[in-house]
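J.: For reference, the chains in residue letters:
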Amino acid sequence: MSLAWFLQNLLNGLSIGSVYAVFALGYTLVFSILGIINFAHGAVFTLGAYLTYVLAVGQFGLNGLLAGVALPFKLPFVPALLLGAALSGLAGMAVERLAFRPLRRRGADALLALVSSLGVALILVNLIQYLFGAEIYSFPPDVFGSLPPAMIFKVGGKMVAVRTVQVILFGVSLVMLLALVWFIHYTVKGKALRATAENPDTAALLGIGVDTFILGTFFISGVLGGLSGTLIGVSFGLAGPYFGVAYGLKALAVIVLGGLGSIPGAVVGGLVIGLAEAFLPPDMSSYKEAVAYVLLFAVLLVRPQGLLGAHVEQKV
Amino acid sequence: MEEFVARYGFLFVAVVQQALLGLSLYFPLMAGQLSLASIGFYALGGYVAAVMGTHPALAPLRDALGFMIYPVQWLAALALSVALGVALGYPALRLRGIYLALATIAFVQVVGVAALNMPVTGGAVGIFGIPQPFESRLAYIWFFGPLLLLTLALIHRLERSGAGRLFFSIREDELAARAMGVDVTFRKVQAFVTGCALAGVTGAMSAPFLNTWNVRQGTFDAAVACLAYVLIGGSRSKWGALLGAALLVSLPEILRPLKDSRMILNGVVLVLACVYMPRGIAGLLSGRDK
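As you go down the protein sequences, you meet chains A and B in turn.
To convert, note that position 236 of the first sequence is 236 in the working numbering; the numbers rise steadily by one, no gaps.
Count along the second sequence from 1, then add 1000; that gives the number in the working numbering.
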């Protein structure tokens, strides 16, 4: 338990936790507007990583229907990341049109919306598998991997290395987060968005195009999902079409831990889970995937509304 | 004919098996609780049967019991499921709606990670070569068939008895039920544990049926599939789980000629069913869809 060990884990936990937070924000935004959980968010996460991969590498993998098809261009990583995220945003809008809008029109209950979003997730994941094949891809090492560590310093005679990927993960997450908070709290569109979240009917009466704003929310949510997919993909390697399923569940744990529908909650939840995973003792590392769920369960028992969630009033 | 039985016998039994899992979600739903814990209990029950069927230390017990080892496995799975169901149910059922669903998903995930890491469950490989009581897949209907009939009979009784009506009163309005003096917590746990027990026994029967048992039996996807049976079939009728399982289990088989794209179609069916059959097939059949 040296200081160096502590600092190293702190860095690892903060960088991965910040990406969890960005991913989880996509869920939270949709939840705060519609009161439902969009299970297709994990599929959009996978899609974002694949799209960025295609844009950065210039070809569609080795297997599947699109095998050997090459793009006429090849983008540097940062534009590929941004374009991939934007395309994921469009995919998020498609999810809204396919899975949620028809149900909303009919006034169906939230459970059905959950299942229909799972149906869309099934379509997306299998479409990816159909088009790209089932094998594992990873981003070429020249993306970030071969970059020298951003910083190496010595603490108490031990080296602590800050990987460049970690700095980028943390930086991009922070920028996304600040941009989102600015948008929601300091712009007119953001105000309209909050009004829609508060009460869609009243917002519609006041002349806010509720459908447009819901569509916009899904766009932002998709951008956040796709972006975090690429970042985690770059950090850990992209692992096939089912890549997003486990992360999707973990991000759900993040938002419930922090408090459903709360933006600071998603950030706190992401950091808590990222840090808890990083500080798991090495001999328990095979249980890393369970950390988020054990924490979730424990918090729900003590504080059912999550760490920063507002207390839910009981209907009478 | 033989080919037909070989191909569709498995499918037929699989529909019944999956319908049982769907029904295990129906019990808590009767009391208005959306729990996805069933699939975790299904996995546990399967591991109980798989360990009892293959562990070298238990060889004398198997020799002594012969065929009777199977009912003993079911009882062991039942006992474990009830004990764990009560232990999990009392704290978890303080949660409502989506929170309960997510907490039970967390339970399923923890069971999965534990199974992946414990020596007795065979880690990632799982347990294989589980002894089988029957030669043909179709014969397993002698396991699952009576369990299904028993379950349907139990639900039929419940729907007409005091306990069942108390469940429904909680489903319709928990606060009003509490005000009328219903012991809401006890009834919720009762419905939850019944579902857990059913899932555990189904798992214990399924381990020999599938011959191998591993972490893939208890995934989130499987939990979602169960939920889909109930919702597509109709969440307010005991026939819903059966109809939903029949449709969703056989769909990939029927669509087999389409190969890779069949799962895409499965997703399309899910979405369309949610939009056009909000009360499920059972609701559609009973004509109360409007």
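Calculated from the structure, these hints are not laboratory results.
In this text, a Cβ means the ideal position worked out from N, Cα and C, and glycines have one as well.
Each hint should be verified, as a subset may be incorrect.
Computed footprint of chain B on chain A, listed as stretches where at least three residues anywhere in the stretch have a Cβ under 8 Å from a Cβ of chain B [claimed, not checked]:
hint, stretch
1, 7-19
2, 97-106
3, 109-123
4, 172-184
5, 200-213
6, 248-255
Away from chain B, derived, C-beta distances all over 12 Å, residues of chain A [what the hints assert, rightly or not]:
hint, residue
7, Phe39
8, Pro76
9, Val78
10, Lys154
11, Val167
12, Phe219
13, Leu260
14, Val268
15, Ala292
Computed far set for chain B versus chain A, every beta-carbon distance over 12 Å [what the hints assert, rightly or not]:
hint, residue
16, Leu1029
17, Pro1056
18, Pro1071
19, Tyr1099
20, Phe1107
21, Val1110
22, Gly1123
23, Val1125
24, Pro1133
25, Ser1169
26, Asp1221
27, Ile1264
J.: Now, for every hint given, state plainly whether the structure supports it.
T.: Here's how the hints hold up against the structure:
A count of 0 residues in the stretch 7-19 of chain A with a Cβ less than 8 Å from any Cβ of chain B is obtained; the coverage claim is therefore unmet, three being the minimum. Counting residues of the stretch 97-106 of chain A whose CB lies closer than 8 Å to any CB of chain B gives 5, so the stated coverage by that chain holds, three being the minimum. Requiring three or more residues with a Cβ within less than 8 Å of a Cβ of chain B, the coverage given for the stretch 109-123 of chain A holds, as 13 such residues are present. Interface restraint, the stretch 172-184 of chain A with chain B: violated (0 residues with C-beta to C-beta distance below 8 Å; minimum three).
A stretch counts as covered by a chain when three or more of its residues have a beta carbon under 8 Å from one of that chain; for the stretch 200-213 of chain A and chain B the count is 0, and the coverage is violated. Note: the stretch 248-255 of chain A has 3 residues with beta-carbon separation from chain B under 8 Å; the three-residue rule is met and the coverage holds. Residue placement check: Phe39 (chain A) does not keep its beta carbon more than 12 Å from all beta carbons of chain B (closest about 8 Å). Non-interface call for Pro76 (chain A) relative to chain B: holds, since the shortest CB-CB distance, roughly 33 Å, exceeds 12 Å.
With 12 Å as the threshold on Cβ separation, the claim that Val78 (chain A) sits away from chain B holds: the shortest Cβ distance comes to roughly 33 Å. No Cβ of chain B approaches the Cβ of Lys154 (chain A) within 12 Å, the least distance being about 36 Å, so the stated non-interface status holds. Non-interface call for Val167 (chain A) relative to chain B: holds, since the shortest CB-CB distance, roughly 30 Å, exceeds 12 Å. The claim that Phe219 (chain A) is not at the interface with chain B holds, since no C-beta of that chain comes within 12 Å of its own (minimum 20 Å).
With 12 Å as the threshold on Cβ separation, the claim that Leu260 (chain A) sits away from chain B is violated: the shortest Cβ distance comes to roughly 7 Å. Consistency note on Val268 (chain A): stated as away from chain B, and its beta-carbon is indeed over 12 Å from all of that chain's, at 17 Å minimum. Taking the minimum C-beta to C-beta distance to chain B, about 8 Å, the non-interface status of Ala292 (chain A) is violated against the 12 Å cut. Against chain A, the non-interface label of Leu1029 (chain B) is violated: not every CB pair exceeds 12 Å, the least being about 10 Å.
Distance check on Pro1056 (chain B): its Cβ is at least 25 Å (rounded) from any Cβ of chain A, clearing the 12 Å threshold; non-interface status holds. With a closest Cβ-Cβ approach of about 33 Å to chain A, Pro1071 (chain B) is found to remain outside the 12 Å limit, as its non-interface label requires. The claim that Tyr1099 (chain B) is not at the interface with chain A is violated, since a C-beta of that chain comes within 12 Å of its own (minimum 6 Å). Interface exclusion of Phe1107 (chain B) from chain A breaks down, the closest Cβ pair being 7 Å apart, not more than 12 Å.
Distance to chain A contradicts Val1110 (chain B) as a non-interface residue, since its nearest Cβ pair spans about 5 Å, not more than 12 Å. For Gly1123 (chain B), the condition that its CB be more than 12 Å from all CB atoms of chain A is violated, with the nearest at approximately 9 Å. Residue-level check passed: Val1125 (chain B) sits 15 Å from the nearest beta carbon of chain A, beyond 12 Å. In this structure Pro1133 (chain B) is separated from chain A by more than 12 Å, as the shortest Cβ-Cβ distance comes to about 34 Å.
Against chain A, the non-interface label of Ser1169 (chain B) holds: every CB pair exceeds 12 Å, the least being about 16 Å. With a least CB separation of 7 Å from chain A, Asp1221 (chain B) falls inside the 12 Å interface cut-off, contrary to its annotation. For Ile1264 (chain B), the non-interface assignment is contradicted: its Cβ lies about 5 Å from the closest Cβ of chain A, within the 12 Å cut-off.
In terms of the numbered hints stated before, the structure departs from hints 1, 4, 5, 7, 13, 15, 16, 19, 20, 21, 22, 26 and 27, listed from lowest to highest.
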